[in-house]
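Asks: Sequence:
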Amino acid sequence: MSLARRHRDRILAAKTVASAPHGGVAAAPAAAPLPAAGAVNASPADRAAAQIALRYTHDLRRLKEIRSIDKKIEAKREILPEYRNWVAGILTADAGVGTSVAAEVLPTCMVWLIDTGAYAEALDLVPFMFKHRVDMPSRYQRDAATIVVEEIATAALKAQGAGASFPIAILDRVADLTSHLDIHDEVRAKLLKAIGVEQLQEAEDLPADVGMAALAAAVSTLNEAQRLHERVGVKDRIKRGLKLMAAITAAREKAIAEQNDGQGGPAA
1494 MSLARRHRDR
1504 ILAAKTVASA
1514 PHGGVAAAPA
1524 AAPLPAAGAV
1534 NASPADRAAA
1544 QIALRYTHDL
1554 RRLKEIRSID
1564 KKIEAKREIL
1574 PEYRNWVAGI
1584 LTADAGVGTS
1594 VAAEVLPTCM
1604 VWLIDTGAYA
1614 EALDLVPFMF
1624 KHRVDMPSRY
1634 QRDAATIVVE
1644 EIATAALKAQ
1654 GAGASFPIAI
1664 LDRVADLTSH
1674 LDIHDEVRAK
1684 LLKAIGVEQL
1694 QEAEDLPADV
1704 GMAALAAAVS
1714 TLNEAQRLHE
1724 RVGVKDRIKR
1734 GLKLMAAITA
1744 AREKAIAEQN
1754 DGQGGPAA
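Per the working numbering, residue 1494 is the first one in the sequence shown, and the count goes up by one each step.
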């Protein structure tokens, strides 16, 4: 895509929002479709919205025809750059997304970014979505906060289950963005479990003299996950954290005892 095209897409997206009633994305009345992308009498903003809606409809159809999950993800990686400048324009205008078909583009891109592992980019869209109360397309059957927490937590737990780590900075950012929102306890427990697993792993790699505080934080996080959902599956990790803490405490006490013995015992 040329620099001129990227610039044009971004400006048209911003104009689409700016020209809409009440600051939303420009759209035809609810009973009427968007004008055709090449309609002679359509404004640049209307044409831009129609073009992005047409592209979006085509891409949804393409994805629906793909059966393999891996191939769907590959297709989403190919598709996403085509929306980057439209989304950037919407974010720049900072006035919501309106109600036309084009209004589904930003929340859908957020999900696709999560699906493709571009978690930081997905989270960059979240403050805007919360601020403007952007609805998810009905096919997702969940609100934006639930999707963000559950999908990223699920990805983290899957990686951890395979013996890999997951960026704790991403998990912490999800927690910070959603801590004030009302979501199901089971969903939040999954996020806390993922965070606790990473905290425990990091604590295990620390020297004993600094590891106690990190272990205590990990156990606290895992206990909160357990409190929210008793079947979240963290009991073994809590036991491991407590065992490691006990081992550090015992080692410290032994070292103190040996030091006292070497000095002839404590003063009378």
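One thing to keep in mind: the hints can contain errors.
[Stated by the list, open to error] Cross-link-like lysine-lysine pairs, in silico, DSSO-like; alpha carbons within 30 Å at most: (1) K1651 x K1728; (2) K1747 x K1728; (3) K1651 x K1564; (4) K1557 x K1651; (5) K1651 x K1565; (6) K1732 x K1747; (7) K1736 x K1747.
Honestly, the hints are just simulated from the structure, not real lab data. All of these numbers come straight from a predicted model, not from anything done at the bench.
Asks: Against each hint, give a clear statement of whether it holds in the structure.
Replies: Consistency of the hints with the structure:
As the CA atoms of K1651 and K1728 are separated by approximately 18 Å, the hinted pair is consistent with the 30 Å bound. Distance check on the hinted pair: K1747 and K1728 sit about 28 Å apart at the alpha-carbon level, within 30 Å; holds. Of the pairs offered as hints, the one joining K1651 and K1564 holds, with about 19 Å between alpha carbons and a cut-off of 30 Å not exceeded. Simply put, K1557 and K1651 have alpha-carbon atoms about 24 Å apart, close enough for the 30 Å limit, and the pair holds.
Between K1651 and K1565 the alpha-carbon distance is near 19 Å, which keeps this suggested pair within the 30 Å criterion. For the suggested pair K1732 and K1747, the alpha carbons sit about 22 Å apart, so the restraint of at most 30 Å is met. Taken as a hint, the K1736 and K1747 pair is honoured in the structure, with Cα atoms around 16 Å apart against an allowance of 30 Å.
Going through the hint list in order, the structure satisfies each hint without exception.
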